[in-house]
Amino acid sequence: MSEHSPSHTPSRTPYFLVAGALLVLTALTYGVTLVDLGPFNTVVALAIATVKAALIVLVFMHARRSSALTWLVIVVSVAMLLGLMLGTLDDYVTRTWIGVPGK
Amino acid sequence: MSLAKPRATPEHPAAPARPFDHHAHEHATSVLGMWVFLSTELLLFGGLFTAYAVYRYLYGAAFREASAHLNAEMGALNTGILILSSLMVALALHAAQTGGRRSTAVFLALTLLLGTLFLVLKGSEYYGHFREGLMPGAGFAWEGEQRRAAELFYMLYYIMTGLHALHMVIGLGLIALMAIGAWRGRLTAPHPTALEVTGLYWHFVDVVWVFIFPLLYLIH
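Chains as they are written, first to last, in my numbering: chain H, 11 to 113; chain R, 5 to 224.
Any given hint could be a false lead.
Among chain R residues calculated to face chain H with C-beta under 8 Å, some are [what the hints assert, rightly or not]:
hint : residue
1    : 34
2    : 197
3    : 207
Residues from chain R that keep clear of chain H, each with C-beta distances beyond 10 Å, as calculated [said to hold, decoys possible]:
hint : residue
4    : 40
5    : 43
6    : 50
7    : 105
8    : 134
9    : 185
10   : 204
11   : 210
12   : 218
Hints in this document: simulated from the structure, not taken from any laboratory. All residues carry an ideal CB built from backbone N, CA and C; glycine is no exception.
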């Protein structure tokens with residue numbers, strides 16, 4: 011059974027800080043919709059969502075202090091998802107540029 | 005080999021299951037296993053987000069109009085509720101790791117409360133959509149030539165939020181189990197593994213909603 015050193019009690023402060031930041035970022039996400047940035051509204055919304063997700067993964071899910079194997083799983087699965095989305099979207103977006111072969 | 009194991013207590017934790025030599029090893033493996041499962045979940049929801057991206061690209065105007073009928077304030081409120089629930093789960097795990105049996109159970113009970121509130125609000129939203137005739141199918145009430153595209157938006161909305169809600173229900177079941185285990189003193193420091201992997205699942209469900217909210221509710 012592993013020893014648990016009483017001097018090393020992890021702090022709860024990061025959890026409160028992240029929760030606060032997440033709530034602020036949520037309000038920001040909502041607030042940005044009141045401003046017209048054209049196509050950048052979507053970009054900003056996604057960027058904020060990515061920051062929120064990163065905070066949750068790093069702090070709440072303890073990715074910060076996780077093993078290299080865990081990091082490998084996280085990075086590869088996100089890369090796979092991005093590949094799926096980019097590979098699918100580049101097909102549809104370029105159909106208006108060069109048309110569909112055979113049609 | 006006897007299959008009957010003596011009940012674990014905080015004073016006499018169970019020996020690590022085979023083939024593990026140490027609890028730390030067993031714990032690390034369980035955590036990694038949950039991460040691998042979550043990567044499959046990421047691709048599950050990711051497929052739906054990809055479909056959403058394609059159809060939003062193709063039918064941008066209709067999606068914008070359809071999204072306007074969703075209650076963004078409700079969505080924002082639900083986002084806040086989920087964020088607080090994730091905080092509760094993180095605090096519960098911290099309490100379990102530092103030996104606080106009662107506070108662990110309290111934090112988990114709060115998580116249950118918040119999660120249930122989310123589902124109740126979501127259900128009331130669905131009911132509101134039903135009343136407005138925004139259910140895809142024969143009764144879909146939409147004027148104009150963008151009718152099919154708007155219907156498509158709502159199909160994606162119901163499938164994505166519905167799948168998310170299903171994950172919430174499963175998560176709440178797990179949280180309830182953990183709360184009972186915590187109350188009975190079965191979550192043992194320093195590695196309350198079952199609670200930790202449950203927490204990972206719950207945070208993941210929160211991350212999914214973090215993307216659902218702006219993409220479905222806030223199309224500008």
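Structure-based check of each hint:
{"no.": "1", "hint": "34", "in the structure": "12 Å, violated"}
{"no.": "2", "hint": "197", "in the structure": "13 Å, violated"}
{"no.": "3", "hint": "207", "in the structure": "5 Å, holds"}
{"no.": "4", "hint": "40", "in the structure": "6 Å, violated"}
{"no.": "5", "hint": "43", "in the structure": "3 Å, violated"}
{"no.": "6", "hint": "50", "in the structure": "4 Å, violated"}
{"no.": "7", "hint": "105", "in the structure": "15 Å, holds"}
{"no.": "8", "hint": "134", "in the structure": "25 Å, holds"}
{"no.": "9", "hint": "185", "in the structure": "19 Å, holds"}
{"no.": "10", "hint": "204", "in the structure": "6 Å, violated"}
{"no.": "11", "hint": "210", "in the structure": "6 Å, violated"}
{"no.": "12", "hint": "218", "in the structure": "4 Å, violated"}
Taken one by one, the earlier hints fail for this structure at numbers 1, 2, 4, 5, 6, 10, 11 and 12, listed in ascending order.
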